[in-house]
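Top to bottom, those sequences are chains A and B.
Residue numbers for the first sequence follow the numbering used here, beginning at 1 and rising by one.
Residue numbers for the second sequence follow the numbering used here, beginning at 1 and rising by one.
Bear in mind the hints are in silico, worked out from the structure with no lab data behind them.
In this text the structure is predicted, and so the values were computed from the model without any measurement.
From the three backbone atoms N, C-alpha and C, an ideal C-beta is built for every residue, glycine too.
Don't take every hint at face value.
Unchecked claim - Result set (SDA-like, lysine to any residue): computed pairs, CA atoms no more than 20 Å apart in a straight line:
{"no.": "1", "chain 1": "B", "residue 1": "LYS448", "chain 2": "B", "residue 2": "ALA369"}
{"no.": "2", "chain 1": "B", "residue 1": "LYS254", "chain 2": "B", "residue 2": "VAL536"}
{"no.": "3", "chain 1": "B", "residue 1": "LYS337", "chain 2": "B", "residue 2": "GLY350"}
{"no.": "4", "chain 1": "A", "residue 1": "LYS127", "chain 2": "B", "residue 2": "ASN63"}
{"no.": "5", "chain 1": "A", "residue 1": "LYS127", "chain 2": "B", "residue 2": "PRO62"}
{"no.": "6", "chain 1": "B", "residue 1": "LYS355", "chain 2": "B", "residue 2": "HIS376"}
{"no.": "7", "chain 1": "A", "residue 1": "LYS127", "chain 2": "B", "residue 2": "VAL64"}
{"no.": "8", "chain 1": "B", "residue 1": "LYS355", "chain 2": "B", "residue 2": "ASN382"}
{"no.": "9", "chain 1": "A", "residue 1": "LYS127", "chain 2": "B", "residue 2": "GLY65"}
{"no.": "10", "chain 1": "A", "residue 1": "LYS8", "chain 2": "A", "residue 2": "ALA184"}
{"no.": "11", "chain 1": "B", "residue 1": "LYS355", "chain 2": "B", "residue 2": "SER277"}
{"no.": "12", "chain 1": "A", "residue 1": "LYS8", "chain 2": "A", "residue 2": "ALA305"}
{"no.": "13", "chain 1": "B", "residue 1": "LYS436", "chain 2": "B", "residue 2": "ASN382"}
{"no.": "14", "chain 1": "B", "residue 1": "LYS337", "chain 2": "B", "residue 2": "ASP361"}
{"no.": "15", "chain 1": "A", "residue 1": "LYS127", "chain 2": "B", "residue 2": "SER19"}
Claimed, not checked - A few chain B residues facing chain A, derived, Cβ under 7 Å:
{"no.": "16", "residue": "THR120"}
{"no.": "17", "residue": "ARG121"}
{"no.": "18", "residue": "PHE245"}
As the list claims (entries may be wrong) - Simulated DEER-style distance windows between Cβ atoms:
{"no.": "19", "chain 1": "B", "residue 1": "TYR289", "chain 2": "A", "residue 2": "ALA308", "range": "25 to 35 Å"}
{"no.": "20", "chain 1": "A", "residue 1": "PRO240", "chain 2": "B", "residue 2": "ALA136", "range": "32 to 42 Å"}
{"no.": "21", "chain 1": "A", "residue 1": "ALA308", "chain 2": "B", "residue 2": "ALA407", "range": "58 to 68 Å"}
{"no.": "22", "chain 1": "B", "residue 1": "GLY350", "chain 2": "A", "residue 2": "LEU14", "range": "31 to 41 Å"}
{"no.": "23", "chain 1": "B", "residue 1": "THR357", "chain 2": "A", "residue 2": "ILE62", "range": "49 to 59 Å"}
{"no.": "24", "chain 1": "A", "residue 1": "ILE244", "chain 2": "B", "residue 2": "SER354", "range": "34 to 44 Å"}
{"no.": "25", "chain 1": "A", "residue 1": "LEU74", "chain 2": "B", "residue 2": "TYR289", "range": "41 to 51 Å"}
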Amino acid sequence: MSLSYLVKRIGFILFTLLAVSVIVFGITQVLPGDAAQMMLGENATDDALAAVRDRLGLDRPIWLQYWDWLSATLGGDFGTSLRTGLPVSEMMLPALQRSLLLALLAILLMLVLAVPMGIIAALRRGKPTDVVIGLGSYVGVSMPEFVTATVVLLLLANPVLGLFPATGYVPLTEDFWEGLHHLALPVLTVSVILIAHVSRMVRSEMIDVLHTDYVRAARMKGLTRRRVILRHALPNALLPAITIVALDVGYLLGGIIVVEEIFAFPGIGRQLIVAIQNRDLPAIQAGALIMAATYAIVNFLADLAYAALDRRIQYA
Amino acid sequence: MSAGPVLTVDTYSLAYGTSAGAFQALRDVSLALQGGEVLGLVGESGSGKTSLAHAIMRGLPPNVGREDGRILLGREDLASLSQARMTNIRGRRLGMVFQDPSTSLNPTMTLGTQIIEVLTRHRGLDRQAAQRESVAMLERVGLKTPAAMMHRYPHEVSGGEKQRVVIAAAFACQPEVLLFDEPTTALDVITARQILDLFRDLQSETGVASLYISHDLALVSTIADRVAVIHQGRIVEQDPAERIFSAPQDAYTKRLISAVPRPDRRLVDDEASSTGSTLLSGQDLTVRYGRPSLLDFLNKDRAKRVTGAQSVSFDLAQGEILGIVGESGSGKSTIAKALVGLNPFTGTIGFGSSKLTGRRDMDAAYRRAVQIIFQHPDSSLNPRQTVGTIIARPLRRYGLDREAPVAETVAGLLRDVQLPEDYARRYPHQLSGGEKQRVAIARAFASKPQIVICDEITSSLDVSVQASIIQLLLALRARHGTAYLFITHDLNLVRQIAHRIVVMYRGDVVETATVASLARQPEHAYTKALLDAVPVPVG
Chain A
1 MSLSYLVKRI
11 GFILFTLLAV
21 SVIVFGITQV
31 LPGDAAQMML
41 GENATDDALA
51 AVRDRLGLDR
61 PIWLQYWDWL
71 SATLGGDFGT
81 SLRTGLPVSE
91 MMLPALQRSL
101 LLALLAILLM
111 LVLAVPMGII
121 AALRRGKPTD
131 VVIGLGSYVG
141 VSMPEFVTAT
151 VVLLLLANPV
161 LGLFPATGYV
171 PLTEDFWEGL
181 HHLALPVLTV
191 SVILIAHVSR
201 MVRSEMIDVL
211 HTDYVRAARM
221 KGLTRRRVIL
231 RHALPNALLP
241 AITIVALDVG
251 YLLGGIIVVE
261 EIFAFPGIGR
271 QLIVAIQNRD
281 LPAIQAGALI
291 MAATYAIVNF
301 LADLAYAALD
311 RRIQYA
Chain B
1 MSAGPVLTVD
11 TYSLAYGTSA
21 GAFQALRDVS
31 LALQGGEVLG
41 LVGESGSGKT
51 SLAHAIMRGL
61 PPNVGREDGR
71 ILLGREDLAS
81 LSQARMTNIR
91 GRRLGMVFQD
101 PSTSLNPTMT
111 LGTQIIEVLT
121 RHRGLDRQAA
131 QRESVAMLER
141 VGLKTPAAMM
151 HRYPHEVSGG
161 EKQRVVIAAA
171 FACQPEVLLF
181 DEPTTALDVI
191 TARQILDLFR
201 DLQSETGVAS
211 LYISHDLALV
221 STIADRVAVI
231 HQGRIVEQDP
241 AERIFSAPQD
251 AYTKRLISAV
261 PRPDRRLVDD
271 EASSTGSTLL
281 SGQDLTVRYG
291 RPSLLDFLNK
301 DRAKRVTGAQ
311 SVSFDLAQGE
321 ILGIVGESGS
331 GKSTIAKALV
341 GLNPFTGTIG
351 FGSSKLTGRR
361 DMDAAYRRAV
371 QIIFQHPDSS
381 LNPRQTVGTI
391 IARPLRRYGL
401 DREAPVAETV
411 AGLLRDVQLP
421 EDYARRYPHQ
431 LSGGEKQRVA
441 IARAFASKPQ
451 IVICDEITSS
461 LDVSVQASII
471 QLLLALRARH
481 GTAYLFITHD
491 LNLVRQIAHR
501 IVVMYRGDVV
511 ETATVASLAR
521 QPEHAYTKAL
531 LDAVPVPVG
């Protein structure tokens, strides 16, 4: 992969984020009622409103406000929350860390379960195991998170069994096992659709790859079944799955918002919902930008991973 | 070898279970392969030759219905062995080389790994010893830089080099028997010859008994000790190789042999060419592919464009058959497409009295007069249209539907290509490969063209079907006086039917000569190499 490709690609990501920033900034400007109105409430006097507008610079031309906001954002300063009066970055970044932990664990769980499920289904194609995995995947794909979450809560967090806590968050650094215990249900809920989706993907790719000449050739070399499947077939079957997983991340970001709300998990999704409910403009802008950046970066990483696994791909 | 045959196929029969009932793929096949012997197995597609290879390797698809008879490796009945025991035999005592090296090597693994794994699996070598042994093997199969090859991926080397790696892996454990399933069919003529030479060398060096499967009777008769001919799942004849061409016994073998193109058996009269005036000519035709990106354009870096054909000049007389030969990538199809306006070109096409310098100059009269038939009828016939609609299309396009009722004309065209008239209502997938190509021929002739470009139109067909298609083309030419631009990689075939031959190599025309003088005294080194590489039927 050439340096010029990397430069081009990173430039493209920056351009995307710039476009997103314009949209995010624009939308918050179009919303009825400005920040001063938000802060002071409906009964504020005109004088008080004018004073706050003057302090926040809300009277100046929009493009100047945008430029100030953008340059501050680039410097890591997302502004001050209108709701709490704290710097937005102090609210958002720890929340982002918690959400990333949630997402990472969900993806890990997905890989650990979905890949073997897909392989087994492909090897037992048309047999009961395949049918069961297939049906499970259909159910998993077709259930929205709030339904999955409810089912998961009913089964695993009911008062009778009480296996897992229904809500809350404990930092892993504080108490590792207790932290994992609290993460279990949100992670499970988020990963159900991913597992269902990716296992179906791996299954169909695996079936195709098992019929290729090179897999037949590997078999005819007398290699063990294990080596034929894991070393010859699997890497080729996983290649398309990488792209799908990267696209799923976009979906995952949306799913996390719902799941965090249901399980009262203090992540970026929850912060974003609170910010929207309170018209906390700086926080909304920061949250939306962070999500867009995450999506762009994950897709970039997926492309790099694809090129690393498939030597035929040469980005130029 | 006094111990008897190393591989015995004893009255073996095989049926597949299909949705349409049982399909008998092999019937009472009996073969015996002695140590050090090369047995050629020749058959057309669907004859069961590949099924036999899979049966010997015990790599049959899951829909096998019924098997009868025995296949013995030494004295062991392979069908009675467990999967695990069979896995131990494969690659160690019994190996296989596949047709297409570009699909039989794993694209995500280095070439080295794909040999090393065989050695560590079957010879119990540790990784370092296997690595050393692999480099030695790669050197033995004639690769120039064996150590560097170990780290390359399949897409980084040529087709011939890939097949050498596959062969190295097959020979790595000194097996008793090797099956070769059309190992040179996917390669260019000259590369195929080199692989064949390699096969001969390794075979005589190691004395491995080989079953060489191919559709190419001429090729097999040059390398095998004995030749078995298989037809509809039955071995119809087994002969010493030198006898198969001179004294075939079975009726099918005789038909097959008569279908094999032989340059000494001309199918056209040679006078026709010299009398006609020039009909179509190309002067300095150059085709470049790809579009320079904006950045390259600004840098004035035009070199990135790929040249498909470079300054090609030729002329085609009325009623002449002009052959164009060359390996894949030599630019022959590129020129064909440029002539019918599918590729942009620079240079001049002369047609009658007019000069064409670009695709815009191609008017309806030119397009009607110059028709093309493509290699794969599967992709050149619209699967959603009936044969009748497909053939009627040029009639409507060029206003011929006003001269006579379309249905009548279509029926006539179908008769001309020896297909039943009711085929007009059928869809392409209901036809065999040869029948589909006949439909494509009928479509090309619908507009009553003066020139038909045949772009490898028989390369995906069996020899007997190829022979009948060639007969058809010659009959149509005799009736309509059509000139052909006949593009092929099959030198024997083109020497049978062409008046003159254009030899292309890497985008350039290296030689244009009459068939007789080309064979007698080829001027260019590449032409000589090409002539040397092609096995000519003997006897």
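Against the earlier hints, flag every one the structure doesn't satisfy and list their numbers going up. Hints 6, 8, 10, 16, 18, 22 and 24 not satisfied by this model.
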